[in-house]
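S.K.: Dock chain B against chain A, hints included.
Number of protein chains: 2
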Amino acid sequence: MTERITIALDVMGGDHGMSVVLPAAVRVLSKRNDLDLLLVGDQERIRQELAGLGQTDNERLSIQHASQFVEMDEPASHALRHKKDSSMRVAINLVKEGAAQGCVSAGNTGALMSTARFVLKTLPGIDRPAICTALPNRSSHTWVLDLGANIDSSSEHLLQFAVMGSELATAVDGNNQPRVGLLNIGEEEIKGNETVKQAAVLLGDSPLNYIGFVEGDDIFSGAVEVVVCDGFVGNIALKSVEGVAGLISHFIKREFTRNLLTKMAALVALPVLKAFRKQIDPRRYNGASLLGLRGTVVKSHGGTDELGFANAIEVAAQAVKQQVPERISSRLQGILAERQTS
Amino acid sequence: MTERITIALDVMGGDHGMSVVLPAAVRVLSKRNDLDLLLVGDQERIRQELAGLGQTDNERLSIQHASQFVEMDEPASHALRHKKDSSMRVAINLVKEGAAQGCVSAGNTGALMSTARFVLKTLPGIDRPAICTALPNRSSHTWVLDLGANIDSSSEHLLQFAVMGSELATAVDGNNQPRVGLLNIGEEEIKGNETVKQAAVLLGDSPLNYIGFVEGDDIFSGAVEVVVCDGFVGNIALKSVEGVAGLISHFIKREFTRNLLTKMAALVALPVLKAFRKQIDPRRYNGASLLGLRGTVVKSHGGTDELGFANAIEVAAQAVKQQVPERISSRLQGILAERQTS
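Here the protein sequences come in this chain order: A and B.
Residues in the first sequence are numbered consecutively from 10, following the working numbering.
Residues in the second sequence are numbered consecutively from 10, following the working numbering.
One chain only, chain A, in its complex shape (with noise of 0.2 Å):
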């Protein structure tokens, strides 16, 4: 018999709440019969919003009351000092308490960030959680961390960051050694700061399959599986990913409609251009693990629809079936004793 996972959803978080967290609960628990899902949030409107989803009498859908919720734009430390009974809170705490082995909000991150950090406590050895995800590349994904949640990050952090990564990775793809690349940039004059140095020094001698330097293209290209980096460069990455994937969708949609023929165009191609979105569809990619905490919590993005926030609960019940936080826990406990053996 499969051991049961129980996730609880921050079903106020995000720009659309529980509009599409409670139809993402439905569609994954039809594709999942090993989960069963806490609906924290407003109980009479999630009650009403059940009732509308034909879902009333979903035994795997039990509802947890919260009388308060993290707006997106509040400061994290005025969440965590004055939001005591949020939505975002509570799932968290019933994760601390046993009550589910992990949750996930699309509310905002700094108060995600600091309210799991508050209240689960980081794993030992951990200085510091960090935000990752994975991106696809030509073969597959790839791994990367940190991307927003620390920034000044030294090289003990990155080495952290290394395992976490590594250990992610390990558990989602079972990949017993997957490579790991420190991001740097490539010039011949620099060749990257002290803190990326001394890193690499650290990836050296640890047991991880490190295999150097990376550039920022190197995400994509699948020459490693984990590439490793400070907060404040691969949140700046991430967007400009974001960013410019956004501007090739816009010019490829406006030379589709720019007149009769090009519309015409578009149709015929329609099904290879769908194949090709889905490829890089954000959704597939949709929720980021807060790794180094002793539970799991997973980030969906804010503006993601049904589908994105049902992958978000795909990626906690994976960390949580593979058990991601001991893990990462055993690999590094096990890295700190080497060192100091040797």
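In case anyone wonders, no lab produced these hints; they're calculated from the structure.
These numbers come from a predicted model, not from an experiment.
Certain hints may be false.
Pairs involving identical chains hold if they fit within one copy or between any two copies, as the list cannot separate such chains.
[Stated by the list, open to error] Below, in silico cross-link-like pairs of lysine-lysine (PhoX-like), each with a Cα-Cα straight-line distance of 25 Å or less: (1) K130 with K93; (2) K262 with K287; (3) K330 with K40.
M.R.: For chain B alone, coordinates are given in the frame of chain A:
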């Protein structure tokens, strides 16, 4: 009568050397009447190649012999010390001596930057040169700097980059008040490192049209005309963007060549796809300016073709014609004087 411009070309630089540079030179001359070109490299080989192109008697093409050339992977310090008669160095010397007003090289960036800085020196008030290029946005283009000449830039350096980028935008695009954004991350808890925060104060106090922090996707949104960042961050963002653009092209191509039906769709869609590709053709954006030097130096992508290198020559000619170094110097002096009196 238009004033004549002379640009020196490092004929030996780049992955393809003179087989790309010489046809590009001929192409630009046929389009611009105000331009003369100095071809720097192995005299004998240039003569042969020009003969092959039917350009033996073109009076607007002169040859300047150089007995050495800088390898693409040669350390900058080695080139600086041991390649005093390299095509790259001689081209820069010609600018220093006034025989040319600008030069273009597709040679290695580190060596080009070091040699240009050593020979030409920086403008008064500029601590470090920066690399700047235009990237496409929805309506036009965005100037981004620094793209890899500097790491660990101080807030004062970021201010200097902002002055340089603004003056380039004004000179090339005729926009007298280009909007300047400072690249940062948007996470609530963090909002940038100390350097970026300090730079925001300096920029806010300056007469530049500073509009605040921007995120990576704003490089492509058209929200600002100039994006300022440290070279480590800028280089990684640029390479990441190149990487994802390459991945997207790869997926489009793969989907359109999947089977007979999709290949037929590709035939129908071909004119549209061509028009689209033109919008993001990297050759149209080839030619990065090394700003902050006492002279115009433009770096071409090492692997570009004739069309791309021709564009880099145009970028140099434009910078010379618009007196970009003089403008930067004068604007910066104004800002520094203003600061001293206030």
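S.K.: Compare the structure with each hint and give your call.
M.R.: Evaluated hints:
{"no.": "1", "hint": "K130 with K93", "in the structure": "within (16 Å within a copy, 59 Å between copies)"}
{"no.": "2", "hint": "K262 with K287", "in the structure": "both (15 Å within a copy, 14 Å between copies)"}
{"no.": "3", "hint": "K330 with K40", "in the structure": "within (16 Å within a copy, 64 Å between copies)"}
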